[in-house]
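Colleague: Based on the provided sequences and hints, a complete structural model is requested.
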Amino acid sequence: MNRALIVEPFPETADTLRQQLAAEGYGIIATAVSGSEARRLIAGEAEPELVVIDTPLPDEFGQELSVMIAENTSAGIILICSGDIADDVGDKVSGSGVCVISKPLNVHQLSRSVKLVSATRSRMMGLKKENADLLTRIDEMRLINRAKCTLMQYLKFTEPQAHKYIEKQAMNTRQTRREVAMRILATYER
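This note's numbering applies: residue 1 is where the sequence shown begins, and numbers increase by one.
No lab work stands behind these hints: they were computed from the structure.
Remember, predicted model here, so these are calculated numbers, not experimental data.
Be aware that a few hints might be false.
Unchecked claim - Calculated pairs, DSSO-like style, for lysine-lysine (alpha carbon to alpha carbon, straight line, at most 30 angstroms): (1) Lys-156 with Lys-168; (2) Lys-129 with Lys-92; (3) Lys-115 with Lys-92; (4) Lys-115 with Lys-129; (5) Lys-128 with Lys-115; (6) Lys-115 with Lys-103; (7) Lys-92 with Lys-103; (8) Lys-92 with Lys-128.
What the hints assert, rightly or not - Distance ranges between label pairs, derived from CB positions: (9) Thr-73 with Val-107: 25 to 35 angstroms; (10) Glu-140 with Gln-19: 30 to 40 angstroms; (11) Pro-104 with Glu-140: 53 to 63 angstroms; (12) Glu-140 with His-108: 42 to 52 angstroms; (13) Glu-64 with Arg-190: 43 to 53 angstroms; (14) Asp-59 with Gln-109: 24 to 34 angstroms; (15) Lys-92 with Met-152: 53 to 63 angstroms; (16) Ser-111 with Arg-142: 39 to 49 angstroms; (17) Asp-15 with Glu-140: 42 to 52 angstroms; (18) Asp-91 with Lys-164: 50 to 60 angstroms; (19) Ala-132 with Thr-13: 23 to 33 angstroms; (20) Arg-142 with Leu-116: 30 to 40 angstroms; (21) His-108 with Arg-142: 47 to 57 angstroms; (22) Gln-153 with Leu-116: 52 to 62 angstroms.
The beta carbon of each residue, even a glycine, is placed where N, CA and C say it ideally should be.
Modeller: Below, the structure written as structure tokens:
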């Protein structure tokens, strides 16, 4: 179920935003009335997929909060501010991936922004997973190459022989090449 956090000091506006987010498919919606409360909620609970901040907040403007959330979570962030400063605030936070919309708030504008931020977040999460997979593969390749070098050093194998040995051991023992490489390193690197 999609989680959202609304940072809004006025209960009536928070209820309106909650209804809009529920209509967009967000089922678990938390509310904070200040920046400090929002920081506590984000640090203590499961990470939300979407954070909507209506500025100004009682203890801060909200721009700093949006940047902090962008740097420390993978949540999509919508910052709502008055129309006369929306462009300036947007310029300051756009590098962090924060979507800025101006007041007065239009239901269709909020709906489009939520969809856009959700789509962007989905793409970002896919890239994040792909990046993690690539880093895992690189670590595995480094480990296997270390094992090959170890075989070359201690058993005087050539690189192709070491490669073939690791592949054959993995096949014969029904282990991954990583497991075979770890066993080789454990044997020779003490």
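Colleague: Hint by hint, note whether the structure agrees.
Modeller: For each hint, the structure was consulted:
1. This hinted pair checks out: Lys-156 and Lys-168 have alpha carbons roughly 17 angstroms apart, not beyond 30 angstroms.
2. For the suggested pair Lys-129 and Lys-92, the alpha carbons sit about 28 angstroms apart, so the restraint of at most 30 angstroms is met.
3. Proximity of Lys-115 to Lys-92 is assessed by CA-CA distance (about 22 angstroms); at most 30 angstroms being required, the pair is judged to hold.
4. Taking the CA atoms of Lys-115 and Lys-129, the gap is near 21 angstroms; set against the 30 angstroms cutoff, the hint holds.
5. Taken as a hint, the Lys-128 and Lys-115 pair is honoured in the structure, with Cα atoms around 20 angstroms apart against an allowance of 30 angstroms.
6. As the CA atoms of Lys-115 and Lys-103 are separated by approximately 18 angstroms, the hinted pair is consistent with the 30 angstroms bound.
7. Between the alpha carbons of Lys-92 and Lys-103 the distance comes to roughly 18 angstroms, so the proposed pair stays at or under 30 angstroms and holds.
8. For the given pair, Lys-92 sits about 24 angstroms from Lys-128 by alpha-carbon distance, which is consistent with the 30 angstroms threshold.
9. The given range of 25 to 35 angstroms is respected by Thr-73 and Val-107, whose C-beta atoms sit roughly 26 angstroms from each other.
10. In this structure the supplied range 30 to 40 angstroms is violated for Glu-140 paired with Gln-19, their Cβ-Cβ distance being about 48 angstroms.
11. Our hint of 53 to 63 angstroms for Pro-104 and Glu-140 holds, since their Cβ atoms are close to 54 angstroms apart.
12. At about 48 angstroms, the beta-carbon gap between Glu-140 and His-108 stays in the expected band of 42 to 52 angstroms.
13. Judged by the Cβ atoms, the range 43 to 53 angstroms given for Glu-64 and Arg-190 holds: they are separated by roughly 52 angstroms.
14. As the Cβ distance of Asp-59 to Gln-109 is approximately 27 angstroms, the hint placing it in 24 to 34 angstroms holds.
15. At about 55 angstroms, the beta-carbon gap between Lys-92 and Met-152 stays in the expected band of 53 to 63 angstroms.
16. Against the hinted window of 39 to 49 angstroms, the Cβ-Cβ separation of Ser-111 and Arg-142 comes to about 47 angstroms, which satisfies the hint.
17. At about 51 angstroms, the beta-carbon gap between Asp-15 and Glu-140 stays in the expected band of 42 to 52 angstroms.
18. In this structure the hint that Asp-91 and Lys-164 lie 50 to 60 angstroms apart at CB holds, the actual value being about 58 angstroms.
19. Take Ala-132 and Thr-13: their Cβ atoms lie about 38 angstroms apart, and the range 23 to 33 angstroms is violated.
20. For the pair Arg-142 and Leu-116, the supplied restraint of 30 to 40 angstroms holds, since their beta-carbon distance comes to about 39 angstroms.
21. Judged by the Cβ atoms, the range 47 to 57 angstroms given for His-108 and Arg-142 holds: they are separated by roughly 51 angstroms.
22. A beta carbon spacing of about 55 angstroms between Gln-153 and Leu-116 agrees with the range 52 to 62 angstroms that was offered as a hint.
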